[in-house]
Amino acid sequence: MRLEQRITKHKRQIANDWFAILAGTYPPDTTRFLKTNKDTFTNPVGGTSRRTLEAVLDALLENAAPDHLAQQLDALIRIRAVQTMFTPSQATAFILDLKKIIRDTLKSNLQDADMQSQLLQFEARIDRLLLIAFDIFVRCREKIYAIKATEEQSKIYRAFARAGLVRANPDIKPDAGVS
Amino acid sequence: MSDLPKSDELFSHIDHRPPKGKDWMDIPVDIRPGMYCYSANPKSMETLSAPNVRKWNPLEEDWLLPDNWQEILHNGLKERLEKFRSFKVFMDICVRCGACADKCHYFIGTGDPKNMPVLRAELLRSVYRNDFTKAGKILGRLAGARPMTLEVLKEWWYYFFQCSECRRCSVFCPYGIDTAEITIMGRELLNLLGLNIDWIATPVSNCYQTGNHLGIQPHAFKDMLEFFVEDIEEITGVNCTPNYNKKGADILFITPSGDVFADPGTYTCMGYLMLFQFLKDKYGLDVTWSTYASEGGNFGFFTSHETMKRLNAKMYAEAKRLGVKWILGGECGHMWRVIHQYMDTMNGPADHLEVPVNPITGTTFENAASTKMVHITEFTADLIKHGKLDLDPRRNDNLKITFHDSCNPARGMGLLEEPRYVINNVANHFYEMPANTIRENTFCCGSGSGLNAGEDMELRMCGGLPRANAVKYMADKFDVNMLACVCAIDRAALPDLMNYWETGADVTGVHELVGNALILPGEKKRETDLRGEPLPGMEEEADE
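As you go down the protein sequences, you meet chains A and B in turn. Counting in my numbering, the first sequence runs from 15 upward without gaps. Counting in my numbering, the second sequence runs from 321 upward without gaps.
Hints in this document: simulated from the structure, not taken from any laboratory. The structure presented is a predicted model; accordingly, all values stated were derived computationally and were not measured. Treat the hints with care, since some could be wrong.
Here chain A is said to cover these stretches of chain B; the calculated rule only asks that three of the stretch's residues, wherever they fall, bring their Cβ under 8 Å from a Cβ of chain A [stated by the list, open to error]: (1) 356 to 364; (2) 431 to 439; (3) 746 to 759; (4) 815 to 826.
Below are the DSSO-like pairs computed for lysine-lysine, each with C-alpha atoms no more than 30 Å apart in a straight line [as the list claims (entries may be wrong)]: (5) B/705 to B/474; (6) B/600 to B/474; (7) B/408 to B/542; (8) B/342 to A/114; (9) A/162 to B/375; (10) B/708 to A/157; (11) B/705 to A/25; (12) B/566 to B/797; (13) B/342 to A/52; (14) B/403 to B/634; (15) B/720 to A/157; (16) B/408 to B/398; (17) A/162 to B/403; (18) A/162 to B/434; (19) A/52 to B/434; (20) A/49 to B/434; (21) A/49 to B/797; (22) B/474 to B/567; (23) B/566 to B/403; (24) B/720 to B/645; (25) B/797 to A/52; (26) B/567 to B/634; (27) B/408 to A/49; (28) B/720 to A/52; (29) B/720 to A/162; (30) B/705 to B/566; (31) B/434 to A/157; (32) A/162 to B/602.
Positions of the beta carbon are idealized from the N, C-alpha and C atoms, including for glycine.
Please work from the sequences and hints to get the whole structure.
And the structure:
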């Protein structure tokens, strides 16, 4: 049996463990809330985290293209990019935890050399996923900065400019960047 | 296998979990950029005769407090406990059942337990117990008490400005504790030490001096409205020039200045102008705007009850000066909580005005019998109900609309049906968000109560996550592309929120939709909506 098949066999447990570790990155009261409230509208962090981790695990098993992985991972990184209790590495470190979960879950099945080699290849996918997460995280931070830099201008300045109440200056382009 | 490191060894150096097992009192406050607003500009504080005016920085160790700051706070707390029965009750009756704990959008979004309403309230209660209860005095920490220290003060400041006073938590409290009022008191006490934020203090100062948050003077206010009149004339062919400061008009109209000065509220403002022109042409209704009472919003509400009272009084003074019968209020959020819950005992009853009656339909607005101020969606819904408006909802057919209940109108005055009734009559495609995110359960935009600044964007995005999450669901499921609301702060805050969380939805006020659908007497064939975008079916004409 190939490694992917073994992981697929334990997919639910692996995803659950992964979610538990992710939820554990928050303070204990928050962890409890994230785990127990199953409603995605009143617990969007918990709901998005669960959904994302499951979808990302599927994508890793399919050896999906980076674009697809990024698409699946985006919603979760987008949340952690504004949760300032985390440093950038803390926000994305949960991705590496998947390695440990897989090793722990499949412990008895990882003895032979072929399986070891497959494991290393699979772990390389997880490493690449971390780089994708890094890209998304930085993109989200840049978006926050762009919104911070242009929000006043794009609302108030634009209204004033439309009304002809500000002197036209071709060098000022308040709308640039945020759309 | 033996050459490979053990999995535990691989990850042992990664420390990405916060410290565990500590009591909340032992976790020191960590004031992080992105989560707080800049301190108040001393000039604005001077205008308001605020105490301890100075330039200070929340990130610095020394907050430049007066020597007797603890005494000032103690006396301030004592005075408020004696003055406000509700505050005293809220301090005493909480049993810490936890029903409110997971209801706050800031807790849900940030994951910080000190944003649980119960814990935010405990920040203040712990000091109350220490200073004013026997159990607290004798048992100290065992009774949940702790003395006021600089560390505690900083914690108050950080977390009382991470609450938007939206009151969602209050809906779930079995004792009816209004946790927003605890934040209101917390901020009042902080203001005794000059610890306000600039996004509140400067709008308050501007409002106090020139009549609106942005400090726009009367002539500029008039210029903006005249610009809208030109735009409307271009789109409809009808001149909608309003009355300014007209003595003896039937009704005084007051709206948040955000509708006059900031997109996309400006389009809502055009909707108001068109509605008033329609009513004037058809029924002879005489509505006036005021260039002095040019602000419906009341950031005094986020400062102290005295400041709230001062700003609120201006609207009634202007109504008296102009001799109108009653006041019609625009689409605003906290203005309505001030009117509905505080105005009457602050500046009311407004005996110089009449109990509001819609002169076109004969409807008496009993709910506003004492405050004499009617919400425009109540007014418009009443007109529609009596068949008094000529509407073509197909003009909004390019929009798939959902409605965000703004916290204050929804929970602060029970305005739930009227906006929906109006939307359903001016548009054909309306979809409700999930039930646990709307009406009295509505989630805040994340930027209310003066937190709509730029520097606290991370806080705003976290706080707005539950709302954005529900909108995104609607966009994915029903192709919703427009988020309607009845609050100027929403209109300012939600576009950023929709942008960051990539919902794909734009933001509108309800009366922008009304303006699109309203058929003005003598209007030309319309080709665009109020934003200048082609109307459904008019795309080709626009291209030519």
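Evaluation of the provided hints:
Counting residues of the segment 356 to 364 of chain B whose CB lies closer than 8 Å to any CB of chain A gives 0, so the stated coverage by that chain is violated, three being the minimum. Only when three residues or more bring their CB closer than 8 Å to a CB of chain A does the claim for the segment 431 to 439 of chain B stand; here the count is 4, and the claim holds. Check on the segment 746 to 759 of chain B: 3 of its residues sit with their Cβ under 8 Å from a Cβ of chain A, so the three-residue criterion for coverage holds. With 6 residues having a Cβ less than 8 Å from any Cβ of chain A, the segment 815 to 826 of chain B passes the three-residue criterion, so the hint holds.
At most 30 Å may separate the alpha-carbon atoms for a hinted pair to count; residue 705 of chain B and residue 474 of chain B exceed this at roughly 52 Å. Annotation: proposed proximity of residue 600 of chain B to residue 474 of chain B is violated, straight-line Cα distance about 54 Å (limit 30 Å). At roughly 46 Å between alpha-carbon atoms, residue 408 of chain B and residue 542 of chain B are farther apart than 30 Å, so this suggested pair is violated. For the hint pairing residue 342 of chain B with residue 114 of chain A, the CA-to-CA distance comes to about 27 Å; that is within 30 Å, so the pair holds.
Simply put, residue 162 of chain A and residue 375 of chain B have alpha-carbon atoms about 23 Å apart, close enough for the 30 Å limit, and the pair holds. At roughly 46 Å between alpha-carbon atoms, residue 708 of chain B and residue 157 of chain A are farther apart than 30 Å, so this suggested pair is violated. With a CA separation close to 56 Å, the supplied pair residue 705 of chain B and residue 25 of chain A exceeds the 30 Å bound. Proposed proximity of residue 566 of chain B and residue 797 of chain B is contradicted: the alpha carbons are some 49 Å apart, above 30 Å.
Simply put, residue 342 of chain B and residue 52 of chain A have alpha-carbon atoms about 26 Å apart, close enough for the 30 Å limit, and the pair holds. A threshold of 30 Å between alpha carbons decides the hint, and for residue 403 of chain B with residue 634 of chain B the separation of about 24 Å falls inside it, so the pair holds. A distance of roughly 26 Å separates the Cα atoms of residue 720 of chain B and residue 157 of chain A; the hinted pair therefore holds under the 30 Å criterion. About 10 Å separates the Cα atoms of residue 408 of chain B and residue 398 of chain B, which keeps this hinted pair within 30 Å; it holds.
The straight-line distance between the Cα atoms of residue 162 of chain A and residue 403 of chain B is roughly 41 Å, outside the 30 Å bound, and the hint therefore fails. Pair hint residue 162 of chain A plus residue 434 of chain B holds up; C-alpha atoms about 25 Å apart against a cutoff of 30 Å. In summary, the hint linking residue 52 of chain A to residue 434 of chain B is supported, as the alpha carbons are separated by about 22 Å, within the 30 Å threshold. Distance restraint check for residue 49 of chain A and residue 434 of chain B: the Cα-Cα separation of roughly 18 Å lies within the 30 Å cut-off, and the hinted pair is therefore satisfied.
A threshold of 30 Å between alpha carbons decides the hint, and for residue 49 of chain A with residue 797 of chain B the separation of about 26 Å falls inside it, so the pair holds. Restraint check: the Cα-Cα separation between residue 474 of chain B and residue 567 of chain B comes to about 49 Å, which exceeds 30 Å; the hinted pair is violated. A threshold of 30 Å between alpha carbons decides the hint, and for residue 566 of chain B with residue 403 of chain B the separation of about 40 Å lies outside it, so the pair is violated. Between the alpha carbons of residue 720 of chain B and residue 645 of chain B the distance comes to roughly 38 Å, so the proposed pair goes past 30 Å and is violated.
Distance check on the hinted pair: residue 797 of chain B and residue 52 of chain A sit about 20 Å apart at the alpha-carbon level, within 30 Å; holds. Distance check on the hinted pair: residue 567 of chain B and residue 634 of chain B sit about 16 Å apart at the alpha-carbon level, within 30 Å; holds. For a cut-off of 30 Å, the pair hint linking residue 408 of chain B to residue 49 of chain A is broken: about 35 Å separates their Cα positions. A hinted pair counts as satisfied when its Cα atoms are at most 30 Å apart, and residue 720 of chain B with residue 52 of chain A qualifies at roughly 28 Å.
At roughly 29 Å between alpha-carbon atoms, residue 720 of chain B and residue 162 of chain A fall within 30 Å of each other, so this suggested pair holds. Proposed proximity of residue 705 of chain B and residue 566 of chain B is supported: the alpha carbons are some 29 Å apart, at most 30 Å. Annotation: proposed proximity of residue 434 of chain B to residue 157 of chain A holds, straight-line Cα distance about 27 Å (limit 30 Å). About 45 Å separates the Cα atoms of residue 162 of chain A and residue 602 of chain B, which puts this hinted pair outside 30 Å; it is violated.
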